[in-house]
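Undergrad: Since chain A is already given, all that's left is putting chains B and C on it; use the hints.
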Amino acid sequence: MAILVEDLAPPRRFSLLTAIRRNPTIAFGGLLLAALIVMAILAPVIATSDPFKIAPVNRLRPPSERWWFGTDQFGRDVFSRTVYGARVSLIVGLSVAAFSSLLGLALGLACGYFRRIDGLVMRVMDGLMAIPSILLAIALITLTRPGLGIVIVAIVIPEVPRVVRVVRAVVLSIRSQPYIESAIAGGTRNAKLLIRHVLPNTLAPLIVQSTYVCASAMLIEAGLSFLGAGVPPEVPSWGNIIAQGRTFFQIAPWTILIPGTFLAVTVLAVNLLGDGLRDRLDPRLARRL
Amino acid sequence: MSTPPVLEVEKLVKHFPIHGGLLQRRVGEVRAVDGVSFAIAKGETLGLVGESGCGKSTIGKTVLKLIEPTAGRILLGGEDVTHLKPGAMWPHRRRIQTIFQDPYSSMNPRLSAGTIVGEPLENFGIARGRDTDDRVARLFERVGLRPDAMRKYAHEFSGGQRQRLGIAKALSVSPDLIVADEPVSALDVSVQAQVLNLLIDLQEELGLAYLFISHDLAVMRHISHRIAVMYLGRIVELADKRTLFTQPLHPYTEALLSAATAPDPKRRRQRKRIVQGDVPSPAKPPPGCHFHTRCPYAIAECRVTAPPLIEVAPGHHVACLRRPVGGDPGPLPTA
Amino acid sequence: MTAAVNAILQVRDLHTQFNTLDGVVRAVDGVSFELARGETLGIVGESGCGKSVTALSLLRLIPTETGRIASGSIRFEGEELTLLGEEAMKRLRGHRISMIFQEPMTSLNPVLTVGTQIAENVVRHLGVPWRSARDRACEMLDLVRIADARRRLDEYPHQLSGGMRQRVMIAMALSCDPQVLIADEPTTALDVTIQAQILDLMLELKEKTGTAIVLITHDLGVVAETTQRVVVMYAGCKVEEAPVEVLFEEPLHPYTRGLMRAIPRLDIEADAAGTRPRLQEIPGLVPILTRPIVGCAFAPRCGFATDRCRVEPPPIVDAGAGHTVACWEVERVRASAP
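Sequence lines, in order, name chains A, B and C.
According to my numbering, the first sequence is numbered sequentially starting from 1189.
According to my numbering, the second sequence is numbered sequentially starting from 140.
According to my numbering, the third sequence is numbered sequentially starting from -13.
So here's chain A without its partners, still in its complex pose:
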């Protein structure tokens, strides 16, 4: 009477090279992002000079062997400032992604599963999403002091509703699946249902969404710093490097172009990673060879 389960296809063995070949977007985006993170962490080692040191005698030098990306109007090495600037962008991007994911997950699970609070919470979320983060950041900063923490808070608040929406949609669709009913009929109660049956299925869309939040957060931070509402001007951030380089753009374009390019490339890397993950993880979009 025992049926052989061996008759089924053997599980595929994992090969890194094949994985890279099949998911070029994830591989490329992921590697690029990893390289940027490594660059940011090793900033003190990579930077050729002190990013804070002002030396007006060297102002607005074009890129050369000594200053790889030239200098700005205060004589600071653009290369070193750019490398350090990566830290700010990545810290903001990653922490906003992390916090908004956690909060979004909690709220999304609650709304999707317990229908009674859903109406109220979603209306609040809609309201929050309507607030542009730049204005919110400026408002918060006038109330307190400018700093990295405030910037992060200001960006998290309008991003959370987006995550909540995604999680909630997934939870709603899972809720109507037969295996949830099967679990309820088998005596599983709410807490276990949420943690064991609902939560794991929300993680994939959540991860994808968080990559988009990360990219968005980096751009917003750059915008805030550009406007002077982000990190303090001496702290190198791609946004404020660009801001400070604005006045001298015509004679020293490298002060804007270099950090701008880095910003674009980082955002691109994160978006590629997100797109690749989304295509790979969505069972309907997943294509074969």
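For the record, the hints were derived by calculation from the structure and aren't laboratory data.
Hints may contain errors.
[As the list claims (entries may be wrong)] Some chain C residues close to chain B (C-beta under 8 Å, calculated; not the full set):
{"#": "1", "residue": "102"}
{"#": "2", "residue": "179"}
{"#": "3", "residue": "181"}
{"#": "4", "residue": "195"}
{"#": "5", "residue": "204"}
{"#": "6", "residue": "208"}
{"#": "7", "residue": "210"}
{"#": "8", "residue": "245"}
{"#": "9", "residue": "264"}
{"#": "10", "residue": "271"}
{"#": "11", "residue": "295"}
In this text the structure is predicted, and so the values were computed from the model without any measurement.
A virtual CB, placed ideally from N, CA and C, is assigned to each residue, including glycine.
TA: For chains B and C alone, coordinates are given in the frame of chain A:
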């Protein structure tokens, strides 16, 4: 009978509201289940057969309290569970388990087979840890699967094997009744035979009762003891299997029997009657007898009066105005 | 074998394959059959046997990113379909060869009226003005017994029931008078009483229009009641072919026999009172199509299998009266109890 029936349902009603318009007001209702009563004894299979929209699946879910009934009573082993809230309902779930139709979406894709099958055991505190694993292994063997497959994921099994997993899970807490909602409809013929035989064997060995829901009369013929035919939320005929197939009284039962295809070329074009028309929507059922719009024997009164389900012969219930108690069981003259 | 003169469709040694993450799936592995003018041919088998892929291959509808017709010939009225370009195939589809699918809900465009969808097809293939196309659409709806056809032309698919939608699909498929209609599980998604109506309708239409039908199904009952000849498929191969009465009277392939015994039947008179007869099972599982099959595909599950069956692929044996079987042990099977 001293022991109460494993499941008894009295005048069960389930309406789903329809919302429409700008303000989403309640504009009508879908009368999915419209006053259904039956009882299932220990070790018995009651088959619920009917086409789409007849309410059979809704009855299955309502009886399991996955949906709350609108009216009527549900008794499990004599205890009234109709109005119990989820928390209070929980201990009763040990006695009534379920198997679903779709072997692909009724298992959580992220859990191992062993975890899925053993979950009810842990939920009710019947076993824990190593003990659960032992019991699960034995359940696997009972349904014809190798115990070392416990660690595999659900998607690594075929459709028929997944249904076996579902049966193993349902059996784990030794219930009195299993609600099987189209358990073999999504399976291939050869696999269907395996699963049906398994269900019959288990019933005889363990004294289980089944509420077997299906649209397929031929499957019913193998697994049921008694069969209830449903149409648009009502039971139109209820009888033991043999009587239903050899002496159907309700025109709809007759239509179903005549429409069923049989693997016999000689039956071709010998159909007594193919009933015309479409199944009406359960949101707007015809007045009086729901079937009158398609019934070849309908008379004027059928449009007005809804026939009650009455016992016209011992153990044989029909809801048809033209089938009175003690009437002639032969074919009806067309109106 | 039907006389080649009368054959409107000839399939020879068709091989259709798919590339998947697990390797190459040989969905159709050397299938040959013929369809005569005006004949109804049934292709029956369980899921994964390749019957739907065969149908899609006939019309070259296999998705090109993953699959292809690896080899074989499909001749329609003497023309070799595997060599035609996509433009020529488009002219053929819906015109001389039509197809209807299982799910009427998703086969119709939800934003166009029923009349528009049928008329579009007529205009495209027959080149007539819109007004005549609409008239033709109305004619077709009448033909498929939809009451009040003129009014229905302007309704959207969601306003119709499942059975009605399937009738519309049939109307659309027949609107340009095709020589062949391929029906892939046309009634599987419908209720039993509606299924009976649709099958009846298809038979009636066949008499009226003389269209040849290839009916693909897993349901032996449907095959028995509507087809004239049957092809039984298993794991991508044709295992048996016979006129319908012959197949049900004396199935020769062990798989066909197994299927016939495994089907639940309504003939309750045969049971002793109060018993519940067991169904005969076919032990084992369908083989995985990514692994190369050695010998007969059914051998692992066959009660008659010999060592030769496990090693050498079986020949096609002619059992007389248009009945062919792919089996080494035909005589033994024939001699054994039914």
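Undergrad: Looking back at the hints listed earlier, which ones does the structure fail to meet?
TA: 1, 4 and 11
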